[in-house]
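In the order they appear, the protein sequences are chains A and B.
The first sequence begins at 67 in the working numbering and counts up one residue at a time.
The second sequence begins at 510 in the working numbering and counts up one residue at a time.
Now the in silico label distances, taken between C-beta atoms and shown as ranges:
#1 B:Q567 x A:N96: 21 to 29 Å
#2 B:A538 x A:E123: 15 to 23 Å
#3 B:S527 x A:T137: 41 to 49 Å
#4 B:S548 x A:F139: 24 to 32 Å
#5 A:G82 x B:S548: 28 to 36 Å
#6 B:I622 x A:R145: 36 to 44 Å
#7 A:P127 x B:Q551: 20 to 28 Å
#8 B:P588 x A:P127: 40 to 48 Å
#9 A:K118 x B:E524: 43 to 51 Å
#10 B:S593 x A:P74: 26 to 34 Å
#11 A:L93 x B:W592: 26 to 34 Å
#12 A:N96 x B:P625: 41 to 49 Å
#13 A:P135 x B:P625: 45 to 53 Å
List of simulated lysine-lysine pairs, DSS-like, C-alpha gap at most 30 Å:
#14 B:K558 x B:K570
#15 B:K558 x A:K110
#16 A:K104 x B:K570
If you're looking for bench data, these hints aren't it; they were derived computationally from the structure.
The structure presented is a predicted model; accordingly, all values stated were derived computationally and were not measured.
Every residue, glycine too, gets a C-beta built ideally from N, C-alpha and C.
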Amino acid sequence: DAMVIQNPRYQVTQFGKPVTLSCSQTLNHNVMYWYQQKSSQAPKLLFHYYDKDFNNEADTPDNFQSRRPNTSFCFLDIRSPGLGDAAMYLCATSRDRGEHTFGSGTRLTVV
Amino acid sequence: AQSVTQPDIHITVSEGASLELRCNYSYGATPYLFWYVQSPGQGLQLLLKYFSGDTLVQGIKGFEAEFKRSQSSFNLRKPSVHWSDAAEYFCAVDLYSGGGADGLTFGKGTHLIIQP
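Same shape as in the complex, but just chain B:
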């Protein structure tokens, strides 16, 4: 079965420092991969996605992620975090099994705390 692992439940980073959030997936075929961000009490906003092609993808708010097939990873990075980046971050994999669409499997999320 497909699964997504985000090994870090909480991460604390100082404002202005760099950030890397880890994501590993287990999937039998070429995955569609996503990173979403969720502020408290809100829905999820798409940061970036990987379907195919260039393995380094750029997203909104200065985020980027790199797909590494050999490591089954899709880590999210940002060179300099801002206090407004404090939120919950979810990595997700498309559940596609050959039909039209099958929804997403999410990791358990990483709670990002920004220190002043």
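Chain A extracted, bound-state conformation:
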């Protein structure tokens, strides 16, 4: 089945130690998104790629970066994780302005 896959499902990282979350898709969608969802809150858009064009939300901290080496893969890099960055990170894809297909998420714990 075509899908969005996030690895790992659970990630524990140390305070200040860089961490990378990955997302892959078999849908061949041209748009890929990263959302942050803190406990009991709504998902919040961090940034997205429309094809190769990177679009950063105005309030996304500089600590968060993203890479999209090809259509299928997208990475979320957190350069120096703080305790406040503990959250579920959701990757999603869409074809242009269509509905999002979400991965199962990566739950990040910062210790």
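Fit chain B to the supplied structure of chain A, relying on the hints for placement.
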């Protein structure tokens, strides 16, 4: 700025009873509207969407929603809930501003509890 309001943080419904979850949006143009469901520790699953046309849309798992432009609402309904419907429900609006795609703005969610 676009916004989505889900006025009910928690709703408790008896199994077999009907359900309506409310959603109001603030958006300057014709919105794309969505309802997603999220089980604990999982990603979001699309229940249904409205882009244009018939204002009553059918979704998966027996859900439907009605778009009412005059009320800026997109309420989710189900005639008879099942225990497996217990989850978090999010209403979302496309942030489209004229470019290719701009992501979604989500409401704060409604936590649905099913009583036996």
